[in-house]
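Below are the chains, spelled out letter by letter.
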Amino acid sequence: MGPGSRRSAAGRDDSLKSMGQDAILDIVDVKKQYGATQALKGVSLRVGRGEFVALVGPSGCGKTTLLKQVAGFESPDSGRIAIEGQDMAGVPASERPTSMVFQKLALFPHMTVAQNIGFPMKLRGRAADEIARTVREMADLMHLKPEYLERFPRQLSGGEQQRVALARSMISAPKLLLLDEPLSALDAKLKKILQAELKRLHRSLGVTFVHVTHDLEEAMMLADRICVMRNGEALQVGKPNDIYYRPADEFVAGFIGETNLLDVEVTEVLPDRVRYRGTDIADVDGILSRALVAEDVRPGPAKLMVRPELLALAKDGERYPSAIAAEITETFGKGGAIQFRAVTPGGQPLVVEVPGTSHWPARLGDKVRLGWMKRDIYLLQARA
Amino acid sequence: MIGEGEPRRWAQPELWAKALPSVALQSLFFLAPLIMTVLLTFQETRSFMLQWAWSLKVWTEIFSKPHYWTVLWHTLWMSALCVALCILIALPVAYALATRLQSLSGHVKVLITFAFLTDMTLKTFGWVLFLDQKGAANFLLEKIGFPPAMIGFLYTDWATLLGMVYNLLAFTIFTIYLSIANIDRSLILAAYDAGAGKWRAFWEVTLPLCRPGIWTGAVLVFLLSVGVFLEPKVLGGGKSPMSAELIRQTFETRVNWPLGAALTIVLMVVAVFVILLFSRVYSLRRYGAAA
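Residue numbers (this note's numbering), protein chains in the order written: chain F, 241 to 624; chain H, -13 to 277.
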């Protein structure tokens, strides 16, 4: 993608202002280099007070590096990080109003659960009985059984250790809670429980969360806003639905869930609408309103994005504003949903997902028509 | 986690069969000589000849003469000082190697290993040349304006201690280095994040977590330093012999094998007792919080 499109992607980050919030965290053009690799290539991000922001991206995209700069474990080569308007340059991690939940939890093995949770208060020189009382409150808030307090972390299960780590991070009442993939090592069921717990904590405490994860579903479920990163750049910042249905480019579209990207040709770009045509696509008028088109789309090759669950199997005689003919090549039952793989006469692969039913609406080898509503698609500039 | 599985069943016969070679070796080369030494203490020497006569003569001599106990006490005291100094010096060195000087640590470790493998006798005599009244140290100090013969502690206990610490320091550096290098870096970051400065993080997290390394190094250095005879002879001038030197003299000069064997057993029992005492204190401190 070109520099122009990057600017337009960054320009999308206006949701904060529209939410009327003041920024608690302001990251401006932060760069960080490790040897020959540029881990952060100028990332900017504003996080509002009380927001839940998820940083997502494939491994090595720089999301954890960005978190380390905010926590103060490392200092950026250039750029500015401000918390509540205060420049954090030169402020050590121990004096920042942030608290980190580590990927490997980093519970102190030589301390009991109670000593672990109370550690930040002990460092601040609080009285022992005050610490003990607050530790009990935090344990209660985290649904940790009181008898666990005198055990050592290694005697607890993975999920309970998570709760201890969260309690330790929350006890010092940080302004900013930084979560570095703390749920990544848990099994699916436990993960769901702790995700719900995180959401509940965020709502009840009103603390700002910055959550790093490579799990998109987790980010979509938890976050108010998502920042998609790749190769040390923030590609797009926005509400989960905007990112899902209005991705900035093909990478974001493909990274956030499964999608269909159909080859089309844009013939004309007008201020209020765009004219296009696609080889296999039967469209009533070949016109899309500007709201359904990415800002950087120019005449020439483009991609029509439509999510699998927004494609429908058209029954005989049923008419859709847009449709495409295809042959079913594979079927998967997913319980709550049925997924079809299909291919168009022109050879373009498609994924369709329909709600699960007791009888299957189509079989392998069936020739079908897939229809969609105009409002359900998005037109992207094709990658050079 | 290790140790939380099913307990090993020692009753299983095949387990004994597997352990047999090891048990046999241990008995042959460790237990048998030890038993022979114990048996030796109940014999007598008459006119430089070992008499195979059962008697308690040697033991009555040991318990009636305070000299032997003075030497033993001196040995324990010197060893304790040596252990304390080795740990105090090794801690910052090991910490620096494991953290700040990580890039250099490979080279430094090779240097320490070389110094460690160089013959102890050579190194100990090297210190004599260095510390002598007309030795290298005094020569250099005089050159830069200090009064002549400033360093005059050769042939005192201080020189002995210096030699012991010098020869045994590597053990503590390596054990402590290993335990610090094995500490998960995120634990230190978590301490900073919780609000700890560098010193506090060291005191609250690094130090407790490298205690096994300190402990292992201390045990090694203690056991080796109660057996030291070269340093008190060469650097201490043989003025206040330590137990190992006394034992050597008893065997070689006095040719009193039963007495030498008895002194050996006393030294061994006392050393093991000290180790057990400290391991008891150590384990109490370790699990005291849990109880």
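Everything labelled a hint here was simulated from the structure, so no lab data went into it. There may be inaccurate statements among the hints.
Claimed, not checked - Incomplete in silico selection of chain H near chain F, CB under 8 Å: (1) Ala39; (2) Leu42; (3) Thr46; (4) Glu47; (5) Leu97; (6) Leu175; (7) Ala180; (8) Ala182; (9) Phe188; (10) Pro194; (11) Gly223.
Unchecked claim - As a list, the in silico BS3-like pairs of lysine-lysine whose alpha-carbon atoms are at most 25 Å apart: (12) F:Lys308 / H:Lys184; (13) H:Lys120 / H:Lys219; (14) F:Lys362 / F:Lys479; (15) F:Lys415 / F:Lys479; (16) H:Lys184 / F:Lys362; (17) F:Lys308 / F:Lys429; (18) F:Lys385 / F:Lys362; (19) F:Lys415 / H:Lys184; (20) H:Lys219 / F:Lys344.
All C-beta atoms in this analysis are idealised placements derived from N, C-alpha and C, irrespective of residue type, glycine included.
Check your understanding: For which of the previously enumerated hints does the structure constitute a violation, in increasing order of number?
Key -> 1, 2, 3, 4, 5, 9, 11, 14, 17 and 20
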